[in-house]
Structure formats: C-alpha cells, structure tokens
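J.: So you can see what is in the structure, the chains are spelled out below.
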Amino acid sequence: MNRRNDYDYKMSPLQSKHLNGDERGGVNYRWIPWGRRPPLPRDVAILQERANKLVKYLLVKDQTKIPIKRSDMLKDIIQEYDEYFPEIIERASYALEKMFRVNLKEIDKQSSLYILISIQESSAGILGTTKDTPKLGLLMVILSVIFMNGNKANEAVIWEVLRKLGLRPGVRHSLFGEVRKLITDEFVKQKYLEYKRVPNSRPPEYEFFWGLRSYHETSKMKVLKFACKVQKKDPKDWAAQYREAVEMEVQAAAVAVAEAEARAEVYFPCLQILAMNCSSPSHGAKVHPWNLCPHNSLNRYYQSAEGNTL
Amino acid sequence: MQGSTRRMGVMTDVHRRFLQLLMTHGVLEEWDVKRLQKHCYKVHDRNATVEKLEDFINNINSVLESLYIEIKKGVTEDDGRPIYALVNLATTSISKMASDFAENELDLFRKALELIIDSDTGFASSTNILNLVDQLKGKKMRKKEAEHVLQKFVQNKWLIEKEGEFTLHGRAILEMEQYIRETYPDAVKVCNICHSLLIQGQSCDTCGIRMHLPCVAKYFQSNSDPHCPHCNDYWPHEIPEVFDPEKEREAGISKSSKKSSRSRQH
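Note that the protein sequences, when read in sequence, are chains A and B. The first sequence runs 1 to 310 under the working numbering. The second sequence runs 311 to 576 under the working numbering.
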C-alpha cells in the first residue's frame, strides 16, 4: 500500500496503528481529547472520522436485524477511502465494543455480511418487554423445534406446532402480522432462519434450518434448555441433542479464544504505552469460558421466558 | 471537538450496559432510567455508590461526543414526564430516522409530520393522513397498508395515537426538533416559557402565544387567577398539575387505567 497523500508523504500501513496507541484502553477506557494528542497525519484523523460515522451507520442499520453488506458500508460511508477499509472497520469495531458492548461480526465471508452482537449476557426483561419480544419468543419456539428435530424441520411440522399456539398461515395476527410472511421472509432476511426447498420434492416442499444469526445470537444449549423447560424435562434426557449442544459450546469456546488471541497480538505493541492507564492486560476481549455464546436479541427473550413459557 | 466544556468521563461496563439497554428501548421515562442505572450497578459494581443520574449521563455523553450522539433529556408534552433518549446531534433528517422504513413509509411520516405541525391542536386525524396516500413517493401504498405503517410508527415511538388522531412522540421531538425548526421555520410553534418546539399546548385566545402543558403547570402553579404572561388577559384554560414522581409511584395500581391510552412506554 504505497499511497501518497496530498503532501506527497508516503504513509506506511503500520504507522497509523502505532500512533493509535494511546487510544487503546483496558476495561476503564479513557477518552483522550484531540487537543492533547500528538499531531496526527491528516489522513489518520479522517480515518477516525469515517470510523465514527460507520459506528452510527451500523447502529442504525442493525435495528432492522438484516445483515449489513460490506458493499453498502463502502458505498454509503467509506467511499473514497475504500483502501483503508480494514483500518476503518477495525476502529469502528473498537468503538462499538468500548462504548456499546457490541461485537461487529462477519457472519458470511463469501457475501461479506456483518451483524452486531452484544458481548455479554444482556439484562433481558429488566424493564418489561419491548416491541420485539413476542417475535423473538416465536422464533425460539421454531428454533427449538428445528434443533430437536435433528437441525431441520419440514414446513408442515412447523405449522403443526404453530397451530397449537393459535397461529395459522394467511391469518393476520395482532402481534406477528401475517405469520407465514414473518417466518419465511422476515426471519430469513434477518438470517434467523433458513427456508429451503426440499430437493426433488414435487409438489415443492420446504424445510427450515437455523440461520447464521441464530448461531451467533444463541446456542443449541440455550435452545435445548428452553425446549426442556417447556416440556418439563431435563436437558440430559435428550441425549443426542445434549451431546450436540455441548460440542457446539466447546467449539464456540475455541473460536472465541482464538479470536481474542489474534486481537491481542495486533494490539500488543501499544500495550506498553497504556500500562499506566490500564487495569487489565487484555485489550478488553473478555473470554469467560462459561459465557461463550454472544447473544443479543434472542437473549432478551430468555429472562422473560423464565416467568411465562409460551 | 476542541474547547468542549464537558469534563471528560470514563466509561465502565456499568455505563455500557446502561447505554445498550437504553438503546434497546429507544426512549425511557425517568423512573425506569433510574431503575436501569441501579440494575447496571448491581450487575457490574455492587459496592460502588450509584452516581447521580445527571453526572452518570454526562459521563456517557462525554465519551459519545465524537460520534455526535448523546443521551438527551426531555419532557412529555401531555403530562410533563421526564424522558430520556439517545439522539443524533447532527441534524436528523427524516431519512436518517431509521433504516427499516421504506421510501413511501418515510414519506408518509413526512406528510403526517407536516399535518401535525400545521394543525392548531398538534394532532392530525387518521383520515387526513390517509387521504394523502396517493401523493406518496416511492411504491404505491394502499390506505389499509398505510394504517399498518402508522401503527408501526406508534410502536417505534415516533408517533402517539389518541382517539384516531396522531401527534409526535416525545422521542421524535427530542430527536428532530432541530430538523423541524430548520425545515418548517414559518409553520413551527414555540413555547412562550421555555422557547422550545411546541406541538401540543395551550394558547392565549387574545394574543395567540402558546405554552406547553407542563410549562403552564409550572408557571401558574398555585396561582388561582392565571393571566397570560404576554397580554395579561385572563388565561381561560384548565391549569394542569405539575408532574410529581412521588405521587406517581404511590398511585401505582390506580394508574393502570390511565395508562391504557398510552401504551406501555417500553
């Protein structure tokens, strides 16, 4: 990357990271005002400005829960600084973590789709329900049916369950709207579910799978526990599912540790500078072994589910 | 961001959790905000003294400054309840309002907004809004669909509905005041007491000045003979009571009937 800026000054790709050192903080993040920082090359200040805009953009776009495309980020925010996309998105990620406790995750490397996930257990239900709670409750039911059924469920099976809850296709519900549209379209767009045609089925039949977002926002263990709560059983009673759920937890733990280590390496050169400010040596990626699966919206459902199962 | 008068704060997990939850709910009343703050302390820092709410929020705002957003405090226009929401400091145009609305939906909001601002009462009737459905930009929208979209706005707390009429939610006013004043400088109404944007309020029959209901309540508190602050004519309207959070909490259960017109504000 041999880019020359307006002053014909060659910018080294490492330079911005080094100068960024005093911004990195530990758990108690201290924001140093611009006035007191050492003078930065003009380009770096612009990168930070773009990163700030990107943070707001992501927060707004995430409201719809539809994954955000990298191409949209480039078109709407990054624009002419597309070469610096990795740096900008890294800064944006950092700000999102430090200010909002959310992780920016790429859930689909092929199509470059991103979502925001809350870093730790959220305080679900502390102030009552939000407008999203009923839909997430319904989603939980569907996810558990899919999981308990061997990770896929025929549309017919799903509707059997929904009928028991008083939901019918084509009938508009006060909370969910048209349920079929919700589960085959909205949830699919948001990547909570996948809706695929059964191969070689005639007349065409469809089946549901967990979507990428569901894997990130909840865990098979949580869903298993939910299902068992509804059925008043012990998770271990469902041996195969339990084994699978445990395996997923272990895998998720390994991924989380690897990610944390990778990030620590990137920031290591800056850590010495913040030794004074920092209370903990790690950059802030807390990896607590039993709090692995990041969950955001789906977790909001859990605590209110404690009180009243659907 | 030079020359900021704010003391630079430090953000801990307590503040972050608070911020995240406030964002989840969009807008919260002061009572819930205080409960939320206590909860966040309980989760992360049991032994610390709970910081005064104003300082707590200023802390968070000083960190958010570089993003041009802040937690803003406002007051509901109908009964003077303090509310808090995270707002964009950069002028919020309607298109930035939320990205989960389509072009025609945003245009419907714009039309409703204009009717509300132009109206004398601060309310626009459902009928009048729906009659404008043919003029919307973007995909053609049927009246039935427009009704659902209006309900979506109510759920997302951009509008309030009362007996078939719509007005702006406190959250919308907090977020969009600057935009509204810049975009509709002639039509906009302003409160004679606090000088902020006024959508709902009382007006003097003689000289036409307007005041927010909570501003009226405060100004004429324990005044048995209210007169217009501008022209001194007798103030003919009923003087509302000043919002008292203590009385509110004691009333508790008996309030549940009053709350039905304003759906649970979460």
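Derived from the structure by calculation, the hints contain no laboratory data. Possibly wrong hints are sitting among the right ones.
Selected chain A positions facing chain B (Cβ under 8 Å, derived; list incomplete) [stated by the list, open to error]:
no.	residue
1	Asn52
2	Lys56
3	Leu74
4	Met99
5	Arg101
6	Lys105
7	Thr130
Bear in mind that the values here come from a model prediction, so they are computed numbers and not experimental data. We treat Cβ as the ideally placed atom computed from N, Cα and C, and that holds for glycine.
J.: Next, verify each hint and record whether it holds.
T.: Hint check results:
For the restraint placing A:Asn52 at the interface with chain B, the shortest Cβ-Cβ distance is roughly 5 Å, inside the 8 Å limit, so the hint holds. A least Cβ separation of about 6 Å between A:Lys56 and chain B falls short of the 8 Å threshold, and the interface hint therefore holds. A hinted interface residue such as A:Leu74 counts as satisfied when its beta carbon comes closer than 8 Å to some beta carbon of chain B; here the least separation is about 16 Å, so the hint is violated. Below 8 Å, beta-carbon pairs count as interface contacts, and A:Met99 has one with chain B at about 6 Å; its hint therefore holds.
A cut of 8 Å between beta carbons decides the hint on A:Arg101: the least distance to chain B is about 4 Å, and the hint holds. A least Cβ separation of about 16 Å between A:Lys105 and chain B goes past the 8 Å threshold, and the interface hint is therefore violated. Because the closest C-beta pair between A:Thr130 and chain B is about 6 Å apart, less than 8 Å, the hint holds.
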